[in-house]
Structures are given as C-alpha cells and as structure tokens.
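Take these sequences, add in the hints, and give me the full structure.
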Amino acid sequence: MRRAVRGPRAICALIVAFACRLAAAQQQLSIESLFDGRYSSATDGPIGHWLPGSHSLLSIQQGAVVKIDAESGEIKTLVKAEDLDGFKPETASMTDDKVLLYGNSKKVWRLNTRGDYYVFDLKTRKLRRLGPSKAQSELMFAKISPDGKSAGYVYHNNIYVCSLQTGRIRSITHDGAEKTVNGTFDWVYEEELGLRDGWRWSPDSKQIAFWQLDTSPEAMFTLVDQSNKTQVIKKFPYPQAGTPNARARIGVVSTYGGRVKWMNPKATPDNGYLARMDWAANSKELLIQFLNRRQNQDDYYLVSARTGKEHLIWSDKDPAWVDIMDTAPTGVAWVAQGQKFLTLSERSGQRHLYAVDRNGKDSDLTPGEYDVDTDGIQTAGNAIFFYASPGAAAQRYLYQTSLDNEEPYRLTPANLDGTNSYDISPDGALAIHDYSRLGVPTQRDLVEFPLHRTLRVITANKALTLRVENIDKGSLERRTFSTADGQRKMDAIVVYPPNFDATKKYPVFFEVYGGPAGVQVKDQWLGVQQMLWWLIAQKGYIVCTFDNRGTPALKGRAWRKSIYLNMNPIIAADQAAAARQMAALPYVDSKRIGVWGWSTGGTNTLQALFSYPDIWSLGIAVAPGTDISLYDTIYTERYSGLPKEHPQAYFNDSPVNFVKGLHGDLLVIHGTGDDNCHYQNTEWLIDRLVAEGKQFTMMSYPNRTHEISEGQGTVEHLFNLILGFLQSHMPGGPLKSGS
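So in numbering that gives the first Met the number 0, spot 349 of the sequence shown is number 348, and the numbers just go up one at a time.
In case anyone wonders, no lab produced these hints; they're calculated from the structure. Possibly wrong hints are sitting among the right ones.
Stated by the list, open to error - Within a straight-line C-alpha distance of at most 25 Å, the following computed SDA-like cross-link-like pairs (lysine to any residue) qualify: (1) Lys-205 to Leu-50; (2) Lys-148 to Met-93; (3) Lys-105 to Pro-730; (4) Lys-488 to Arg-579; (5) Lys-503 to Pro-730; (6) Lys-125 to Asp-96; (7) Lys-308 to Pro-366; (8) Lys-133 to Ser-104; (9) Lys-122 to Leu-99; (10) Lys-590 to Ile-721; (11) Lys-504 to Leu-584; (12) Lys-360 to Ala-335; (13) Lys-560 to Asp-269; (14) Lys-283 to Pro-328; (15) Lys-316 to Ser-362; (16) Lys-504 to Asp-588; (17) Lys-554 to Ser-481.
Structure (structure tokens):
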C-alpha cells in the first residue's frame with residue numbers, strides 16, 4: 000500500500016475533489032422526503048413547562064414524568080414508566096404533590112381534547128384513574144383543584160369532581176345532554192373564539208364557574224361518510240352566517256354540588272357571545288367578556304359570583320370589528336395584586352397593551368407607532384413581557400415593561416435578527432429561548448435576564464442544519480410589493496431555482512393565504528412549508544408568497560381592518576398587483592404565473608383566477624370556501640357583516656359568483672368529511688362551473704377533514720397531486736426556443 004502523499008499540489012487536488020463530491024451530493028427533495036421525518040427539528044414541541052416557584056421544568060421522557068433543572072439540565076425522575084400500569088402519558092401537570100396525566104387522546108374537531116386522565120400521588124406513590132371505569136378516552140379538560148384535594152373533569156357534557164382523598168365522585172351539573180353542553184363548547188365557539196375548556200376552579204377551590212351552551216337554536220349540519228361498507232351519518236350544530244347561534248350562559252356552583260347560580264350577562268341566539276370568562280383574581284367575582292353579534296363591541300363585566308349581578312367596567316369598540324385577544328391562557332392576566340388586568344386594544348390605531356383597574360381606568364403600557372403581538376404576553380412579578388418588531392413585521396423580539404410608567408425596552412439582542420420566542424420562568428429570571436431565521440433551523444438555549452446571557456445551549460439543531468445545508472437550493476429573497484392602491488408595501492418571500500439564470504424566463508408559482516387569520520411571511524424556520532418551496536424551486540419555478548392587506552401583520556389597525564365589508568375583492572386586487580410586479584421582471588415568463596392555497600387560501604385562489612384571468616394561468620384550490628353564506632356566523636359576520644344588512648359584501652366575497660372569468664387551468668381538492676369548509680362548498684362550485692361550461696380538474700378525498708391528513712399515504716398523495724398538476728399544466732424551468 001502506498002503512503003498518502005501530503006504535498007501542496009496533492010492537498011489542493013483533494014480539496015477540489017472533495018468540493019466536487021459535495022456539489023454532487025446536493026440533495027434533490029421529494030414529497031416523501033418532506034414527511035418521512037428526515038427533516039424534523041429537535042426543537043419541535045416544548046422542552047417542558049415551568050413548575051411554579053422554581054427554575055425547573057416538568058416533562059415526559061420515554062414514558063416517565065421527569066423534572067429538569069433548567070440551569071444544569073439535570074433530570075430527576077418523578078414518576079417511572081413502570082409506575083403507570085401501561086398508561087402512556089402525553090402531557091403532565093403538577094399541583095403540590097399530585098401529578099395529573101393525560102393520554103389515549105382523541106381528536107375533537109381540531110385538537111385532541113378527549114382522552115383518559117390519571118392522578119399520581121408522589122407521597123403515596125399511588126395511581127388513580129379519573130372517571131368511571133367504562134369511560135374510554137371520553138374525559139375532557141381535567142384539572143386538579145388549587146388546594147390539591149380534588150380533580151374535576153367534563154364527561155358526557157356534565158362536570159364532575161373527584162375527591163383525591165376518598166375517590167368519591169360527584170356530578171355538579173346534571174342536565175348535560177346532546178344539546179345542553181356544560182364545561183365545553185360547540186363547533187363555532189371552538190373554531191372562531193378559540194374556546195375549548197369551559198370551566199374554571201375558584202382560587203379557594205370551593206366553587207366552579209362554567210359555560211353552559213344550549214345548541215338547540217342552531218341548525219344541524221350533516222356529514223356523510225361513505226368510505227366503508229356501512230354508510231355513517233354525522234350531525235352536529237353548525238350556525239351558518241345570519242342564522243341563530245347557541246344560547247350561552249355562565250354558572251357558578253359549589254364543588255359539593257347543589258343549585259347553580261346563573262350569571263349576567265347571557266348570550267341569546269341573536270345578541271352575541273360570551274367570549275371569555277374567568278375568576279377575577281379572587282373567589283368572589285368573575286370577569287366576563289360579552290361580544291355583541293356585530294362583533295364591534297367587547298364589554299368587560301365584573302360579576303358577583305354570589306348574586307350573578309354584573310357591573311360594566313370597560314369596553315373595547317371598533318367601527319369594523321374587535322378581535323378577542325388574550326394576555327393569559329384563559330383570557331386576561333391579572334397584575335398589581337389582582338387590582339388590574341392586562342388587555343389588548345387597537346383604539347390608538349396600533350395594537351397596544353393596556354392595564355385596566357377594577358373601576359375601568361386604563362393606561363397604555365406600550366405607547367408608540369408600533370404593534371404588540373397578540374401572542375406571548377407573559378408576566379413575572381412587576382415585569383410584563385411582550386413581543387413586537389417595530390419596522391419589521393416579519394420578525395419578533397422580546398420587550399419588557401411594567402406598571403410604573405416605564406418605557407418599554409428590548410431584551411432581545413440587536414444581533415438576533417429574525418424570530419425569537421421565549422418561555423419565561425415564573426420569577427422572570429430565566430427563559431427557554433428559540434431563535435431562527437428564514438431558511439435557518441431553530442436553535443434553543445437557556446438565557447438569563449436582563450442581560451440575555453446564554454447559560455447553556457439546549458440544542459443547536461446541528462443534524463437538521465447539516466441536512467438543510469446539503470439541499471440543492473437557490474437563493475431566498477425578502478422583498479416587497481406595492482398594494483393595488485399603491486399606498487402600502489406588502490412583505491414577500493421569493494425562492495429562486497438552483498442555478499438560476501437571470502437572462503432566462505421562469506414561471507412563478509404563488510402560495511397564498513391572504514385572510515385575516517394568518518400571515519405567510521415570517522423571518523423564521525418554516526419547516527415543511529419551507530421545504531416545499533425548495534422542492535418546487537428545484538423543478539424550475541420561482542416560488543413566491545406575500546401578505547396582502549387584511550392579514551394580521553404588525554402593520555397597524557388600518558392595514559388589518561381595510562378589508563371590512565370588502566374582503567375578497569381587496570385581497571384579489573393585492574394579489575393581482577403582486578403578480579403584475581413579478582411579471583414585469585425580465586426573468587419572469589408572464590404567461591406562466593400560477594397560484595395555490597388552502598382553506599382561505601383556496602378561496603383566494605379561486606377569487607384570483609376568476610377575477611384576473613389575464614394574470615393567472617393556473618390555480619390549485621384546496622378545501623376552499625366558495626360561497627361565504629355557507630360558512631359560520633362568527634368568522635363570516637366579523638368581516639362581512641350581517642347578511643341582511645350587507646348582501647353586496649356577501650356576493651362580492653363569494654368566488655362562485657365569478658366563475659365566468661375562469662380561463663386558466665383549475666384543480667380543486669377537498670375532503671368529503673371537512674367539518675370546517677364543508678364539501679358542500681365544492682359541490683356548489685362544481686354546479687356553477689358546469690353551468691358555465693368551464694372545464695376543470697377535481698379530486699375528493701373520502702371522509703378526510705379540513706387537514707386532509709387522515710389515512711395512510713394521504714398527505715404524500717395530495718402534495719404529489721399538486722406538484723404533478725403544476726408540472727403538467729405549467730411546466731417549470733426556462734422554456735426552450737419555440738416552446
């Protein structure tokens with residue numbers, strides 16, 4: 000065997016050969032590679048949650064419940080897997096010496112909120128199963144009382160309390176039935192107000208406050224599952240725009256049972272919604288938010304738990320609509336020893352954080368020409384933490400203020416451009432910090448405030464970072480487009496093909512959402528969405544996404560509320576404006592511009608294709624809403640008003656009314672079991688397209704929900720379908736001469 004040569008020329012040759020091998024190893028993506036786990040992140044999901052009054056986190060690892068010392072990373076096992084008699088917990092929480100475990104969960108609409116609960120006593124080392132022995136994955140929203148003596152839960156629309164000392168179970172509501180719902184919610188309250196858990200322990204553990212819904216005024220919607228030999232019919236209350244909602248009221252009852260005291264205000268089928276409720280930092284009063292039917296006024300009431308009498312202390316009003324925005328997991332955060340609460344409002348023209356006292360006097364804690372993010376309000380002692388990003392709507396940084404007229408200041412260091420998120424310890428001294436940028440995987444570390452000093456790196460995500468570096472990809476560009484009226488700038492992301500040649504002309508494929516429920520442009524690691532963009536770009540497309548007017552970007556009230564009573568026309572106009580600006584670039588083939596989107600993005604894909612056929616040559620609409628009169632009361636009426644008062648808005652916001660404009664290639668995809676944007680929408684669309692003689696392509700997925708993810712191979716099939724349709728109807732790459 001020859002000895003390895005170490006001369007300079009040989010070393011250079013090795014370097015060149017190694018570089019060539021690296022170039023050759025650049026990875027080509029496939030749909031399957033996006034979903035098989037190879038690009039999963041080590042930061043997916045939280046590391047755990049903070050234990051009260053400590054610098055430790057509670058977590059589940061390999062079936063055991065553990066306590067993690069945040070600073071050292073030392074792990075102490077609290078409950079061994081073998082202590083759980085085969086039960087596999089998915090989440091855990093702790094009150095004093097009791098650990099509440101949840102598992103065997105099942106999906107209820109969007110989330111897995113029904114399952115089995117156990118309580119493990121750390122002193123006696125005994126495991127207790129909650130609920131009747133016959134109950135299999137049927138309990139909801141179990142919580143241990145603040146004094147640690149009892150556990151409550153919802154079972155078959157009633158609320159029960161179990162003594163953790165004796166095991167005795169008491170039903171504290173008795174009228175739960177198919178249409179009488181105690182302690183949880185109907186479809187529309189869950190989907191549009193974010194309400195699932197509908198009951199609260201009083202701080203002294205002696206009472207329970209809860210929502211009760213009577214869904215009998217709501218129309219029943221029917222889903223038909225024909226994917227098995229026996230047809231299955233599923234009916235559930237679903238109020239379409241302009242129709243009656245459920246009656247809602249809030250009751251207070253002793254944890255020993257007995258007579259329920261009903262609170263004011265109450266929500267009738269027509270007057271509005273009980274949007275939030277919780278104890279008002281004591282066991283004597285509740286704070287209840289009542290949102291009127293038009294959703295332009297949110298009233299805050301202090302209500303006596305003893306008498307049920309309400310006292311209006313504060314209102315938030317808006318000529319368009321008021322968003323329900325939380326500062327704590329169950330509504331508002333109480334500060335100043337329970338004398339004030341924190342809330343968010345756009346009354347200044349920007350979304351600001353306010354402190355409101357019990358007499359209704361408010362103070363703006365974040366004055367300035369910038370928005371506060373709706374997510375991530377956290378408190379610790381006198382400190383109040385929030386996210387903002389003045390001048391950079393796609394980024395997120397942590398700020399701190401207090402009630403002492405303190406000028407808010409930024410805690411995130413200036414060199415961490417991108418998106419930063421924090422899970423802050425109870426005393427405000429430490430935080431689990433996640434940081435990422437567009438195209439760069441998330442890194443997680445433990446930081447110490449106020450200097451933001453890194454105490455330890457939890458994960459650098461090196462394995463994923465290396466895989467991402469090896470992907471064959473072109474450049475990522477952050478840019479802006481002008482809105483259709485020329486008055487504002489829309490943030491955008493453009494992904495170029497590998498080996499992009501600006502002297503040639505490429506097709507552009509837009510991904511849109513565009514609605515008021517979400518943004519597309521984020522300066523952060525976007526996971527599968529990011530990978531899909533790179534995959535499509537590898538096929539020879541310029542990929543583009545952007546945020547039009549009406550999206551919830553941190554750009555002020557006027558930006559977000561501009562779409563009121565004219566939502567889809569404004570969105571479609573802005574999307575057309577962005578496409579025209581891309582088409583004007585010398586390396587863009589203006590005859591090959593396509594668009595796709597899901598849910599509201601599917602709706603806006605149809606609106607774009609039908610309204611601007613001169614721009615869009617192809618569209619792919621997944622799970623679209625096609626006539627907004629078919630959608631639910633809360634979402635639809637929030638943005639388009641009441642149908643009887645604003646019929647023109649409903650006409651303009653419904654793509655089915657504009658199918659005559661279709662000239663490009665259209666693929667519509669829908670799950671027949673969609674409980675959100677019902678398959679009915681697509682059938683209405685098909686009828687209109689057929690009547691107008693318009694040819695199109697259609698794919699239905701039997702009994703799949705709005706996510707179209709159920710069943711083996713479904714997700715891969717769906718995205719291969721999208722990619723195949725795109726490539727066959729609007730080929731990628733520069734066209735050859737004469738093509």
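Now for the hints, and whether the structure bears them out:
no.	hint	in the structure
1	Lys-205 to Leu-50	24 Å, holds
2	Lys-148 to Met-93	13 Å, holds
3	Lys-105 to Pro-730	42 Å, violated
4	Lys-488 to Arg-579	14 Å, holds
5	Lys-503 to Pro-730	15 Å, holds
6	Lys-125 to Asp-96	11 Å, holds
7	Lys-308 to Pro-366	35 Å, violated
8	Lys-133 to Ser-104	16 Å, holds
9	Lys-122 to Leu-99	14 Å, holds
10	Lys-590 to Ile-721	19 Å, holds
11	Lys-504 to Leu-584	9 Å, holds
12	Lys-360 to Ala-335	14 Å, holds
13	Lys-560 to Asp-269	24 Å, holds
14	Lys-283 to Pro-328	21 Å, holds
15	Lys-316 to Ser-362	16 Å, holds
16	Lys-504 to Asp-588	5 Å, holds
17	Lys-554 to Ser-481	14 Å, holds
Hint violations for this structure: numbers 3, 7, all remaining hints satisfied.
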